[in-house]
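S.K.: Listed below, chain by chain, are the residues.
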Amino acid sequence: AQSVTQLDSQVPVFEEAPVELRCNYSSSVSVYLFWYVQYPNQGLQLLLKYLSGSTLVKGINGFEAEFNKSQTSFHLRKPSVHISDTAEYFCAASSGSARQLTFGSGTQLTVLP
Amino acid sequence: DGGITQSPKYLFRKEGQNVTLSCEQNLNHDAMYWYRQDPGQGLRLIYYSQIVNDFQKGDIAEGYSVSREKKESFPLTVTSAQKNPTAFYLCASSGAPNQPQHFGDGTRLSIL
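If you read the sequences in order, they're chains P and A. The first sequence begins at 1 in the working numbering and counts up one residue at a time. The second sequence begins at 1 in the working numbering and counts up one residue at a time.
Treat each hint with caution, since some may be false.
As the list claims (entries may be wrong) - Estimated spans, in silico, between C-beta atoms of each pair:
1) P/Leu51 with A/Gly3: 14 to 24 Å
2) A/Asn53 with P/Pro113: 46 to 56 Å
3) A/Pro97 with P/Thr72: 14 to 24 Å
4) P/Thr5 with A/Ala61: 18 to 28 Å
Keep in mind the hints are simulated off the structure, nothing from the lab. Computed from a prediction, not measured in an experiment: that's the story for all the values here. Glycine included, every Cβ here is placed at the ideal spot set by N, Cα and C.
Kindly generate the complete structure, drawing on both the sequences and the hints.
M.R.: If you want it as structure tokens, here you go:
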């Protein structure tokens, strides 16, 4: 079964600084990776996805992620964060033809003025 | 607009009572899911359904039940057997395999 590890439960960062949220997944022959964002008392919104092809994936709100097969990682990055990026971020993975997603435990990003 | 609608947004349950959470989608997706979210634990899968009239248990199905009589609807019942039901419940749906899941805005269930 797939497993997903988000290495940092909380990441505080100052406004306009760069940020990286780390995600590692268990190895699989084929894996599909997603990052979601959740604002308080709301559902999850898709930021970006990796299905195949280019290992650098660009998403909404200026976020990007890089698929690294050798390190089984899919870290999320943004070069300059805003106060409005404060939210919880979830990494998720699925394998093969499965529709089910396995989620990491989440990273709370707090952007400080 | 296409999307997923969960209702109610807030729900209170008395001891020994069953409650039903509604989830409706108009995305024409085959698959639907129910997740439970607790602080610091991410999302845990309760039940999922890949087609009408069929559903499967997820990781934490005990104390919950579902039905899938229509493609658009996947209600979740939290039964009195669920001893710790206080949580945020999220419904999702997806189309083709490996495509992203789309989420509703959630229902927060509390015990009176």
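S.K.: Now tell me, hint by hint, if it's right for this structure.
M.R.: Tested hints:
no. : hint                              : result
1   : P/Leu51 with A/Gly3: 14 to 24 Å   : holds (22 Å)
2   : A/Asn53 with P/Pro113: 46 to 56 Å : holds (53 Å)
3   : A/Pro97 with P/Thr72: 14 to 24 Å  : holds (21 Å)
4   : P/Thr5 with A/Ala61: 18 to 28 Å   : holds (24 Å)
When the structure is compared with the earlier hints, no violation turns up for any of them.
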